[in-house]
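Colleague: Please model the complete structure; the sequences and the hints are all you need to start from.
Number of protein chains: 6
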Amino acid sequence: FRDKSENNDVAGVVTGLAWTSVGGDILFIESILSKGKGTLSITGNLGTVMKESATIALQYIKSNAEEFGINPEILEKYNVHIHVPEGATPKDGPSAGITMLTSLVSSYTQRKVKNKLAMTGEITLRGKVLPVGGIKEKILAAKRANIKEIILCKDNEKDILEIKESYLKGLTFNYVTDMKQVIELALTKQKVTNAKKLI
Amino acid sequence: FRDKSENNDVAGVVTGLAWTSVGGDILFIESILSKGKGTLSITGNLGTVMKESATIALQYIKSNAEEFGINPEILEKYNVHIHVPEGATPKDGPSAGITMLTSLVSSYTQRKVKNKLAMTGEITLRGKVLPVGGIKEKILAAKRANIKEIILCKDNEKDILEIKESYLKGLTFNYVTDMKQVIELALTKQKVTNAKKLI
Amino acid sequence: FRDKSENNDVAGVVTGLAWTSVGGDILFIESILSKGKGTLSITGNLGTVMKESATIALQYIKSNAEEFGINPEILEKYNVHIHVPEGATPKDGPSAGITMLTSLVSSYTQRKVKNKLAMTGEITLRGKVLPVGGIKEKILAAKRANIKEIILCKDNEKDILEIKESYLKGLTFNYVTDMKQVIELALTKQKVTNAKKLI
Amino acid sequence: FRDKSENNDVAGVVTGLAWTSVGGDILFIESILSKGKGTLSITGNLGTVMKESATIALQYIKSNAEEFGINPEILEKYNVHIHVPEGATPKDGPSAGITMLTSLVSSYTQRKVKNKLAMTGEITLRGKVLPVGGIKEKILAAKRANIKEIILCKDNEKDILEIKESYLKGLTFNYVTDMKQVIELALTKQKVTNAKKLI
Amino acid sequence: FRDKSENNDVAGVVTGLAWTSVGGDILFIESILSKGKGTLSITGNLGTVMKESATIALQYIKSNAEEFGINPEILEKYNVHIHVPEGATPKDGPSAGITMLTSLVSSYTQRKVKNKLAMTGEITLRGKVLPVGGIKEKILAAKRANIKEIILCKDNEKDILEIKESYLKGLTFNYVTDMKQVIELALTKQKVTNAKKLI
Amino acid sequence: FRDKSENNDVAGVVTGLAWTSVGGDILFIESILSKGKGTLSITGNLGTVMKESATIALQYIKSNAEEFGINPEILEKYNVHIHVPEGATPKDGPSAGITMLTSLVSSYTQRKVKNKLAMTGEITLRGKVLPVGGIKEKILAAKRANIKEIILCKDNEKDILEIKESYLKGLTFNYVTDMKQVIELALTKQKVTNAKKLI
Ligand SMILES: [Ca+2]
Ligand SMILES: [Ca+2]
Ligand SMILES: [Ca+2]
Ligand SMILES: [Ca+2]
Ligand SMILES: [Ca+2]
Ligand SMILES: [Ca+2]
Ligand SMILES: [Ca+2]
Ligand SMILES: [Ca+2]
Ligand SMILES: [Ca+2]
Ligand SMILES: [Ca+2]
Ligand SMILES: [Ca+2]
Ligand SMILES: [Ca+2]
Chain U
178 FRDKSENNDV AGVVTGLAWT SVGGDILFIE SILSKGKGTL SITGNLGTVM
228 KESATIALQY IKSNAEEFGI NPEILEKYNV HIHVPEGATP KDGPSAGITM
278 LTSLVSSYTQ RKVKNKLAMT GEITLRGKVL PVGGIKEKIL AAKRANIKEI
328 ILCKDNEKDI LEIKESYLKG LTFNYVTDMK QVIELALTKQ KVTNAKKLI
Chain R
178 FRDKSENNDV AGVVTGLAWT SVGGDILFIE SILSKGKGTL SITGNLGTVM
228 KESATIALQY IKSNAEEFGI NPEILEKYNV HIHVPEGATP KDGPSAGITM
278 LTSLVSSYTQ RKVKNKLAMT GEITLRGKVL PVGGIKEKIL AAKRANIKEI
328 ILCKDNEKDI LEIKESYLKG LTFNYVTDMK QVIELALTKQ KVTNAKKLI
Chain W
178 FRDKSENNDV AGVVTGLAWT SVGGDILFIE SILSKGKGTL SITGNLGTVM
228 KESATIALQY IKSNAEEFGI NPEILEKYNV HIHVPEGATP KDGPSAGITM
278 LTSLVSSYTQ RKVKNKLAMT GEITLRGKVL PVGGIKEKIL AAKRANIKEI
328 ILCKDNEKDI LEIKESYLKG LTFNYVTDMK QVIELALTKQ KVTNAKKLI
Chain C
178 FRDKSENNDV AGVVTGLAWT SVGGDILFIE SILSKGKGTL SITGNLGTVM
228 KESATIALQY IKSNAEEFGI NPEILEKYNV HIHVPEGATP KDGPSAGITM
278 LTSLVSSYTQ RKVKNKLAMT GEITLRGKVL PVGGIKEKIL AAKRANIKEI
328 ILCKDNEKDI LEIKESYLKG LTFNYVTDMK QVIELALTKQ KVTNAKKLI
Chain Y
178 FRDKSENNDV AGVVTGLAWT SVGGDILFIE SILSKGKGTL SITGNLGTVM
228 KESATIALQY IKSNAEEFGI NPEILEKYNV HIHVPEGATP KDGPSAGITM
278 LTSLVSSYTQ RKVKNKLAMT GEITLRGKVL PVGGIKEKIL AAKRANIKEI
328 ILCKDNEKDI LEIKESYLKG LTFNYVTDMK QVIELALTKQ KVTNAKKLI
Chain A
178 FRDKSENNDV AGVVTGLAWT SVGGDILFIE SILSKGKGTL SITGNLGTVM
228 KESATIALQY IKSNAEEFGI NPEILEKYNV HIHVPEGATP KDGPSAGITM
278 LTSLVSSYTQ RKVKNKLAMT GEITLRGKVL PVGGIKEKIL AAKRANIKEI
328 ILCKDNEKDI LEIKESYLKG LTFNYVTDMK QVIELALTKQ KVTNAKKLI
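Going down the list, the sequences are from chains U, R, W, C, Y and A.
Residues in the first sequence are numbered consecutively from 178, following my numbering.
Residues in the second sequence are numbered consecutively from 178, following my numbering.
Residues in the third sequence are numbered consecutively from 178, following my numbering.
Residues in the fourth sequence are numbered consecutively from 178, following my numbering.
Residues in the fifth sequence are numbered consecutively from 178, following my numbering.
Residues in the sixth sequence are numbered consecutively from 178, following my numbering.
Source of the hints: derived by calculation from the structure; they are not laboratory data.
Wrong hints could be hidden among the right ones.
Note that identical chains are pooled: a pair holds if it fits in a single copy or bridges any two copies.
Lysine-lysine pairs mimicking DSBU-like chemistry, simulated, CA-CA at most 35 Å apart [unchecked claim]: (1) Lys374 to Lys289; (2) Lys331 to Lys212; (3) Lys289 to Lys325; (4) Lys289 to Lys335; (5) Lys181 to Lys357; (6) Lys374 to Lys325; (7) Lys346 to Lys335; (8) Lys291 to Lys335; (9) Lys268 to Lys366; (10) Lys239 to Lys228.
Since the structure is predicted, the reported quantities are computational estimates derived from the model, not experimental observations.
Modeller: Encoded structure:
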């Protein structure tokens with residue numbers, strides 16, 4: 178199944194771009210909170226590197242909670258679960274890093290994700306966004322899925338410049354170097370309808 | 178052994194549809210509560226993806242307890258065990274997701290499952306139901322097992338339209354997009370006879 | 178070594194029927210309690226599915242303690258260990274389910290197991306007994322071991338009807354559909370001599 | 178290296194008989210207590226089945242402490258570690274069961290093990306001793322190692338009767354059916370010199 | 178992607194030198210603290226030996242906290258996470274030991290790492306720095322990445338002497354034998370801008 | 178790299194003798210204490226049997242603390258970490274047993290290890306030292322590394338007698354049967370300079 182962009186009325190659901198053996202595709206990163214002790218769990222038929230991305234994102238958030246406007250008590254009193262549909266497809270690699278970060282910050286703040294936005298990029302503990310591969314295939318998949326705006330690492334700009342211009346029509350690109358730029362670009366100031374009341 | 182639909186006097190027992198190397202079959206998802214600390218355990222010779230479905234279902238319920246009419250204290254004070262007979266058959270895949278969700282909600286509320294109903298569909302943390310494969314074989318198995326009503330993802334409607342009409346006689350189809358629709362369709366308002374008194 | 182039926186003066190020891198590459202055999206399921214926190218441990222060179230049977234049996238007992246006349250406090254304050262001799266033989270499969278259930282109920286109640294009785298059948302969380310394979314070989318092994326009475330799933334009756342009558346002489350068959358019938362048939366009202374004083 | 182019988186001045190050291198690819202040998206089972214919470218650990222390059230024997234022995238002792246003259250509080254307040262030299266040799270199988278049982282009872286009671294005694298036999302949770310293989314090779318190894326007395330399962334008596342009589346000169350055989358007989362035969366009433374003061 | 182030296186305004190980010198199948202490269206070791214109980218977690222698609230380096234570094238720091246000017250309470254009340262980008266590349270070996278040590282000490286003290294510095298060397302619990310392989314390839318990679326100063330084990334000096342002098346122009350070498358020398362050379366007295374307030 | 182004997186001013190560092198595919202070598206066993214709950218951790222690219230040696234050594238020390246002059250409270254209130262450089266070399270086998278025992282006792286007592294001493298021998302829970310293989314290669318490596326004194330199992334004396342006398346010049350041999358002899362021979366009465374103040 179080829180996925181389509183979805184509306185953005187649920188906190189924690191962010192669109193990523195994946196590069197698979199059969200070409201590019203979009204994927205959704207979903208996260209959800211429940212009362213607990215701050216543990217992280219993760220599902221979605223994921224390989225080790227992709228699971229590590231979730232850990233890196235959460236560790237970065239824990240160490241920089243205030244800058245993301247997150248009450249540190251929420252991090253301690255809620256468990257978070259991350260899921261990446263679709264279970265039948267094995268997934269791996271570091272490129273969902275910024276998508277996971279965005280999903281988590283949206284869940285912890287209940288802020289709305291910007292509409293028709295997709296992203297791809299590796300994250301680091303020092304807050305940098307790193308470039309990833311498969312950019313051309315990912316961009317074509319984004320267009321097919323009705324995406325209008327894309328967040329990429331600044332170092333991936335050269336990959337976009339190599340794509341025929343006609344393919345890029347209707348897409349806006351945001352090039353970032355820093356994880357905080359991602360959050361500023363990806364999350365609106367608004368909370369989602371029916372925002373969860375945390376703590 | 179080919180299974181048959183069963184009566185619905187036990188909470189937590191829900192009929193799913195499976196697609197195996199030897200064709201379609203029905204399977205039962207069973208869940209049961211016991212006093213504890215809210216842990217989830219699972220048996221039935223299941224692969225990783227199918228085990229993940231149980232985790233996703235429980236996480237979704239924990240985050241949306243009130244909407245399912247579940248007292249959150251029950252989630253914290255009872256362990257839940259999910260089993261999928263028959264132990265000799267290895268099982269995997271995401272398609273039992275909505276069946277597991279329904280089983281858990283039935284156990285936590287002690288509400289009766291609708292009679293002669295079967296279902297198949299993947300679940301997501303954002304509450305969507307996703308389409309699954311093997312629809313034709315699953316439908317034939319449902320008929321053989323005396324099932325009368327089926328819940329499927331809206332995106333699987335096209336697979337039903339490709340099946341010869343005569344095969345579908347006597348079956349009612351419910352197409353859903355949302356996990357809450359599944360529960361409304363699958364559980365009656367009635368509690369099971371001898372409902373467990375929780376808390 | 179070919180095993181023989183044993184006397185029944187120890188709680189928790191129940192005779193099962195196994196189907197191996199060299200034909201049928203009887204096996205013993207043994208369980209024992211010790212003060213603790215309600216944990217389950219298991220030994221006997223067992224495969225995953227056979228270990229899962231022990232978990233299913235214990236979960237069912239925990240959820241239905243009162244119906245088996247078990248004080249729920251005993252389940253919380255005693256650890257239970259299940260062993261299946263003989264360690265040199267790898268064993269697997271779901272067919273020891275009812276034997277494990279009977280062993281556990283005998284240990285928790287200290288009720289005596291009926292003499293010269295053997296059984297085979299898969300268990301489910303909804304309390305049903307499911308049919309199993311290898312019935313002919315198992316019955317022949319039971320006779321060799323001096324067993325007089327056998328508990329089987331009702332759905333295995335057809336397998337017995339296919340066996341030459343002369344082979345069945347001296348054996349009584351009990352066909353069951355429900356796990357509670359197993360316990361009624363398998364355990365006497367009497368406690369074992371030197372019954373352990375629990376709590 | 179071919180091992181020799183050792184003196185018996187240390188609690189918890191018991192001589193077993195092993196059957197390896199290069200013939201029979203004696204081996205030592207050693208156990209030792211340290212203050213803790215009743216956990217069991219085990220070393221010696223052992224396979225799963227041999228490790229399970231240690232679990233079975235300890236579970237049996239926990240359930241029958243009083244009959245072995247063991248203060249149950251000692252079981253809860255001391256950790257026990259079992260080691261089987263020599264680390265370079267992988268070892269497996271259930272036949273060290275009675276040797277492990279004897280080692281543990283000696284450690285928990287600080288009773289002296291009988292001098293120049295060796296043993297081999299599988300144990301069960303119901304207290305029975307089961308027969309084991311490789312008897313001829315084990316007996317020859319015992320003689321070479323200067324052993325004078327041997328404990329075997331009653332069902333292994335037939336294996337001894339098949340050995341040429343001259344090979345058996347100087348050896349006394351004790352055939353047992355029950356784990357309590359093993360302890361009566363193997364442990365003296367005396368404590369070891371420098372017995373550890375427990376609790 | 179070929180990495181470049183980065184500015185040093187984030188605590189816990191240290192440049193190491195790696196030797197891969199496609200030649201030398203620089204890599205970054207990143208560490209970050211968050212409130213917790215002193216646990217260590219680690220990501221970056223790392224093999225066992227490289228993970229062990231992180232454990233050794235932390236154990237050494239725990240045992241020598243005062244000499245590194247670290248308040249032991251910080252070690253107990255903060256979790257530390259180490260990450261080694263880039264997730265798509267598997268990494269292993271002991272040579273990042275001194276880089277990990279430096280990263281951890283920087284995080285625990287919030288001291289600034291010296292600019293345009295890289296290092297490679299194995300660490301030991303007794304505080305020694307051990308020599309490592311691939312020195313020539315690592316040095317060439319350091320030059321390409323605009324590194325100006327390098328820390329190496331004294332025993333690797335001979336490897337530098339074998340490199341053509343022109344390749345070494347613009348590089349300063351510091352040869353060490355002791356882990357405390359590494360910290361003195363690598364960390365400035367200054368704290369990073371926006372130093373985290375610990376405890 | 179060929180290692181050399183080191184000075185002995187750090188507690189817990191002891192020289193062992195290893196036998197590898199490329200001949201004999203010396204290796205160092207290092208241990209270090211940090212405040213904690215008495216846990217043991219171990220690194221150095223070690224196989225199962227070598228890790229087991231560390232467990233055996235610690236269990237023996239816990240059970241015989243007073244005889245080694247160790248305050249039992251130190252065992253409960255400090256974690257101990259054992260490391261065996263060099264991480265790039267996989268290591269296994271039981272022959273580092275006495276070296277690990279000596280390292281641990283040195284760390285727990287802060288007593289100085291004798292200078293230019295090396296050792297090799299397997300340990301047991303009953304306190305015996307067992308013989309090991311590769312003696313000739315190990316002795317030659319010890320000479321090359323400037324070792325002057327060696328501790329071996331009494332049963333390895335025959336292996337020394339087979340070595341050409343000229344090879345042995347300058348080496349003193351201590352043959353032991355008992356783990357307590359090892360400690361008496363290996364540790365001086367003196368504490369190391371800068372001995373850690375424990376508790
Ligand atoms: Ca897709
Ligand atoms: Ca992505
Ligand atoms: Ca079936
Ligand atoms: Ca299904
Ligand atoms: Ca048998
Ligand atoms: Ca059975
Ligand atoms: Ca031997
Ligand atoms: Ca034995
Ligand atoms: Ca790179
Ligand atoms: Ca490095
Ligand atoms: Ca070396
Ligand atoms: Ca050694």
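Colleague: Any hints from earlier that this structure breaks? Give me their numbers in increasing order, please.
Modeller: none
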